[in-house]
Every structure is written in structure tokens, then in C-alpha cells.
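If you read the sequences in order, they're chains A and B.
When you line the first sequence up against the working numbering, it's residues 1 to 593, in that order.
When you line the second sequence up against the working numbering, it's residues 1 to 122, in that order.
Mixed in with the good hints there might be a few duds.
[To be verified] Which chain B residues face chain A? A few, computed with CB under 7 Å, are given here:
| hint | residue |
| --- | --- |
| 1 | Arg52 |
| 2 | Leu53 |
| 3 | Gly54 |
| 4 | Leu89 |
| 5 | Thr91 |
It is worth saying that the hints were derived from the structure and are not from the lab.
All C-beta atoms, glycine included, are put in the ideal place defined by N, C-alpha and C.
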Amino acid sequence: MANSVRFGEFSREVSVQQNRISYSLLMPKIEKGPDGRAVPYKPPRLKVTPKETLKILKPYVSPRFMEQIRAVVPLGLYLMLFQLFILRQAVADSATITGGLLAVIVGLMLYMEGLKLGIMPFGETIGNTLPTKSPMPVVLLIAFTLGVGVTFAEPAIGALQYAGKIIKAENAPVLYSLLNDRSLTTRIFVGIGVGVAAMLGTMRFIYGWSLKPLIYISLLPTAIITIAFHFIPGLRTIIGLAWDCGGVTTGPVTVPLVLSLGIGVAAAVGKADSNLSGFGIVTLASLLPCTAVLLLGLYVYMTVPREAIMAAAAAAQAASSAAATPAWYEVTPVAEIIASLQAIVPLISFLFFVLIIVLREKIRNGGILTYGIFLAIVGMILFNIGLTYGLASLGNQSGSIVPAAFMKLDQVKDSPLYFYAGGILVALIFSWALGFGATLAEPALNALGLTVENLTNGAFKKSVLLYAVSVGVACGIAIGVLKIIYDLPLTWMLLVSYIPTVFMTYLSSEEYVNVAWDSAGVTTGPVTVPLVLAMGLGFGNAKGVLEGFGILSMASVCPIAAVLAVGLYVQWKDKRQKAALGARMEAAGGATA
Amino acid sequence: MSKRELTVLTDVTLITCIVQRGIADTIVKSATEAGAQGATVFFARGSGIRERLGMLGVAVEVEKEIVNIVVSTDHADRIFEAMYLAGKLDTPGMGFMYMTPLEKAATYIPKAVLDKLAAGRK
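Isolated chain A, as found in the complex:
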């Protein structure tokens, strides 16, 4: 027996207070049934005190809340401070806007969590089991329908409706009609575009097609239609809307759901060899809706006379002004609730239908699924309310005041605030910084950056991609604002930016093409889209141009060009390095020989 104690043991005993309990006391007693066998133990439900509930919920809620705060608050603050200090204008309805932004934050938080718990599990199960159980046509049909459904569930699509309220019927009848009395048709057409993209993307997964020809094939007719529309005065106004739709569609619902289906198909067919298989769908889903909306515009233009639209608009206006109190289903909470249910319920019923009728799968974890769906619906309602009162109205307000920097506006005292060129510079810097900040904060972009760094074995650094895309979006938004200021024709701007992009696509290797074209869709999240859309429309109205669309479309193409250019540079540098290395090796080999 040693009666000495090691110092370490002594210090351990005095520095930490421990209360020892034997675990045997806590383990449940296993009872034996009449047949002498142990009865399986079922743990009872835990009783939790309110204080403990709070403790459990805090680490669950706070990171999710902070994530949305990080996405929304800097942007909102930037807009408000810019308005206060540079334009020296008080923010009108600042209390309502703050409340709206809060609704956006809480709504997005609930929606994303609901999406993860209530909708994504469907997507995964369907993606994993559908391709093995159903023949190819059925899979493609479901991919198509899913594409349509997810478009409706995309939070940013509500921004289009809001945009419609700002358009004046007499200026742009077709555009007005597409966004107001035909807004549902427009959404369906956008959805069809996404659906076809989902189908093509799935087929691409299976057959391992290259993305380049798909881009050329989908871009060419769209470009031709766009140029043709440019020369038809009635249709020229919808070009901006059509090209902007692409950015609206590819959000946090479409991308993961369609992807999970595609990846499941690829895994089942056994051709998921390329680690690039995740890419490409986003690209198609932002190009094809544009074509669909252009075609819808053509149809409306051909079949519905201009006067009919004007009459309908006038009637709608008369109805809204005559009825001082709008119908009960048009008042704030009710209208948003209806819109949200319209967005989510069809998607969920479709997913249920596929899962139960087509796949004959059982629903597992019913409680959590219900909870997820409930969260998604509540989140969507809050987001829609916040969209109208927070994001869109703030964007619209800033957009309509910024022109005061360089031109005379009635509602702004002492305008123009700066001399002409300086004012335009202020407006451009404002929009550039807005685009840069909003994109850099986008969480999806961070994820893309990581993937790209892995794919290229570190040749394409994450930070390089982040900055390339952000600078691209920033320049795109600034160019879009320039378009509105000088009322430049969007067609030529699109052509001028897409032709070099396509040329660079031709030069680049497949990986970079995939990454670059997808980066455009990834950047336009549910916060950026409504803000930028509303800003453009407000800007356009203040400036007195027909329509303020087009900023988003420029913000989609510029990052593609930026990433492709950086990709070409990386490739060139890589090649030169390898060549130099080869030359050196050769020289060394020659010397030894």
C-alpha cells in the first residue's frame, strides 16, 4: 500500500467538483413476462419543464434565425443608410418596412426549415426509388410536373405579382396583361420552362450529354425570338420580363428538389460517374422559362387585341377604386394566405401522389413531415407579407429616389442633388455595391464555391469564384441600371453580352462551362430578386420609361462571362505552368543524357 498520492491526482480532486451517481440507478428495470422472457422496454415520453423547453429550442432557433438576419439586415441597412446619407431622404414608412423585413427574416427561417423537414424528404425518396420502379417516360413526366410545381413554390416568384402592380396598362399592354390578369398563365409558362429543363437535365444525367450543345440549342431560338420581338413595338416591352424570369425561377426550392431527382436517376442508371452531374439543370431552368414567356407574350399579342387589355385594366382599376374596401380575399393576411397555399399545396399533393400511388411507398415520420409542411406554409405566408411590405416596398422606394441624384424629381426637394455626371456615378456606384454585397452574402454561392474548389482540385479557389460571381452580378446590375437611365434597348445589350459569353463557352472546358452557367442561377436568391426587381421598376417609373425589367437578366449573364473569363485564365495559367515544367524536365533530362 502506498500512502503517497500523486500530485496530479490531488490537484484533480480539488479543482473539479463532481457528484458521482451510479448509472445502474438510472437504467430502467427490464420486466419479465409470464413466459419468463424479458418484455421489450419502451422508453416513456420525457416530461420537459418550460425552462428546459426554452433551453432546447434556443440552440435550434438561433443559428437559423441568424442565417436569415445575415442575408437580409445588411442589405436593408445599406438601402436605408444610402437613402439617408447620400440622397438625404427620410425612409418613408420606415416602421412598416422594418416590420416587413422582420416578417421576411422569420418567414424565410420557417420556410427553409419546413422545406428541409417536410418537402426535401419526399424529393429524396422519390429520387432514390422512382427510377428503379418506373419506366423512363414516367420518370420524365414526373420530372416535368415537378418542375412546374416547384416554380410555384419558389418564394421569389411572388415578386412578379408585385411587379405587375407598378406597370401601367397604356404603356405596355402585353406586359401588363402578362403580369396582372394573366399572371397565373405566366407562372404556368415559367413553370413549363422549368419543367422542360428538369426533363432535359434528367436526360442529361442519364446519357451524360455535354452541356455546351444544350446551351446553344436553347439560346439560339430565344435569341431569334428576342430579336424579332425587338422590331414589334407591342412586344418589345416583354423582353425584359422574359429574360428576368430565368433569374426568378432558380431559387432555394427548385434547385435542390430537381437535383435530388436527377441525381437519383443518375445513380439508378449507373452513369453517375462525373462529379459534375449536379450541374446544368440550373442553367437550363434559367434559359427555358425565358423562351416560354416570350412565346406566351406572342400568343397574347396575336390573340388578344390591345383594346381588350386596356378595357380590362380600366375595369380593374375602376373596380378597385369603386370598391373602397377591397373584397375580403384581397385584404392583406387573407390574400397572402391564399397565395401561399396556392404555391405549396399543389406541390405537396403532387409529391404525395407520386409517393403513394405511383411508388406505393409508406410515409415514414409522419409527425415530422406534417410539422415541416406546416412550417413551410406559415413561413411562405410570412415571407409573402414581408415581400410586399418590406423588400419590395423598400426596393421600390430606393429605386424611385435614386434617380434624384442626377435628375429633377417632384417628390425630392432640391433635386438634382448632384451635378449630372456625378449623380449618375452615385446611382451606378449604389447599384454596383448593392449587387456586390447581396451576392457575396448569398449562402448558396458559398456552397457552390466549395464544390468548385473540390472539382478543380484547388485550381479554381473558392474566393476567386465568390469574387468573380459577385463582381459579375454587380456589373450586371449597374449595366441594368444604365439601361433604365438611358432607356437603352435590352435586346442589343443582351446580344452584346451573350455573344462573347457563348464564344468563351466554346473555348472553355466542360467543367468550367457547367460551373459558370450555373453560377448565374445560384446567385439570385429570395432576398435579392424581389429587392432588385422592385428597385428596377421604381427606377423605371421615376425615370418615366416603359418598364424597369432587365436588371436581373443583365445580372445573370455578367457573372457567367466573369466566371468563364476567370476559368479561361486559370486554364491558360495551368497550361503554361505545365508547359514550363515540361520544358524544364526536358532540359534536365537532356543534361543528364
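For this one, chain A is given, so just place chain B on it according to the hints.
Only chain B this time, still in chain A's reference frame:
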């Protein structure tokens, strides 16, 4: 048999901590600050309190992270405590941790350290 001499460490203890996905980093940080020299984190999936919480169960992540930290026996309790507090393991569903005595451990030990210890022993 190789003639190389192997230096093994004795008086080592393994601390294992199972927490929800995403929390491991804070725990590793607190353990490092308390003197731990390194940590290994791997992903896992677990069950327990989550199933018994009912509705509240959604707040507990199924996906877990497991932190493995080897420390000296003398410091084990202090680091154990630091990790417990950093992970807020006194909250239902936050995680579970335990300590295991290890017989021996071996790793790279700088020659300078070995020499110094040898000199101290003489």
C-alpha cells in the same frame, strides 16, 4: 524485430463527446484552450432523447459529430469539464460524453522534448 526504440506515452485518457452536427468545433476550441493538444471529429447518427421528446424532438439533430480527444490523465477532468460546459451538455438532447482510460499511446514527439525529459530524469 526492429531495433528502433519506441517512445510510448502512459497516463493517457480518451475523452469522447457526442454532440449534434455543427457543435464539435466549439467543443474542440474549448478543449484546446483547456490544454488539449489535438482532436479528431467524425460524423455519426444517433438516437435517444430525440425520440422521447415528442414534438420538441425536431429541435434535436439526428446527425451527430463525435469528438475524440486524448489528454493526460492529470488534466482529463479539467478538460472534460471545459468541454461539458462549452457544449452545454446540461441541456436535454445536447449530447453525451465519457472518459476512457487508455493503456498507452504513441505519436511523434520532438527530439528536443525527449532530450529535455531525459536530462530532467538524470
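For each hint, the structure was consulted:
1. Arg52: 5 Å, holds
2. Leu53: 6 Å, holds
3. Gly54: 6 Å, holds
4. Leu89: 11 Å, violated
5. Thr91: 5 Å, holds
In summary, the structure is inconsistent with hint 4 from the numbered list given earlier, while agreeing with all the others.
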